[in-house]
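Taken in order, the sequence shown gives residues 1 to 285; the numbers are from the UniProt record's numbering.
There could be a bad hint or two in this list.
Here are the in silico distance ranges between beta carbons for each label pair [stated by the list, open to error]: (1) L46 x G188: 56 to 64 Å; (2) T36 x L276: 14 to 22 Å; (3) E120 x V45: 42 to 50 Å; (4) L44 x R81: 13 to 21 Å; (5) E120 x E55: 46 to 54 Å; (6) V118 x F54: 48 to 56 Å; (7) L146 x G188: 43 to 51 Å.
Just so you know, the hints here were simulated from the structure itself, not pulled from any lab data.
Every value quoted in this text rests on a predicted model; they were computed, and no experiment measured them.
Even glycine gets a Cβ: it sits at the ideal position worked out from N, Cα and C.
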Amino acid sequence: MVEGNSVMSAAPVVEASRGVRAGSLTRTALSTLGNTAIMLTVILVLWVGLLRVFEVSDFVGKGPLDVYEHLFLEDDAAAIRAEMWGLAAVTVRDAAIGFTAGMIAAVVIAVGIVMSRVVESAVMPLAMIVRSVPLVALAPLIILALGRGTAVVAAMGGIVVLFPALVTIVFGLRSVTPQIRDVVTVYGGSTWDILLRVAAPSALPAFFSAVRISVPGAFTGALLAQWLATGEGIGYAVVSAVSRSQNTRVWALVVVITLVSLVLYMVAQLVENLVLQHYDMAKDG
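All chains should be modelled from the sequences, with the hints used to inform the complete structure.
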């Protein structure tokens, strides 16, 4: 009977814990949506305000109403939207390739740096050099070496993603205190045990921070690769529209890719909170 009562008394506690976590996730989602709405409002105000302050001509500077009319009110608006979402899908694919390549490289290199000072001495100066050289200047060399296919997309997107993600992940992996390292070592743990069982879980917040930072960076790399190498997606469409003075189309393309990037950033933030909640690392609010 005592054992049965214990189980029955534990059940409400488990349900309450689940309810608290679900409520926390709901609050996080609502907070994210609220912050996004505020940010979009600020962007719209700045968009309209800056066009007026700098007296940009109506031929070049298009406002939110112009973009809305282009996407929804013109006779061929449905075809325009279908074309732009197709271009956006290509850009999302290329951004995903660059994001994956950059994050994998960042994690592998970060582990090497944390495990070996020799790796750090060899890699960090090279990473700094690559980071300091504009990607536009490196693009011809990358294209000559890799061609104009998926490899160049992965390289250019990966370069943009790599450095900020690498620094953030290394910081997270090194956040383990010497006392905890000593405890693991006393119990017979190896350096790999410290990395896998202590450093990796404690670095999850830093890892997800790197993910959030890298989402817009991956889009930047994808747009550059499309403009300079592949001739596909929104990156090339913007350049093509500019050359033809299709200014409303240029603004509409920028709005579409900005919204897509913002949505994926929100998704990354929600996934972060879900995972950190599982490990009781979620941020308050």
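### Query
Which hint numbers does the structure go against, in order from smallest to largest?
The structure breaks none of the hints.
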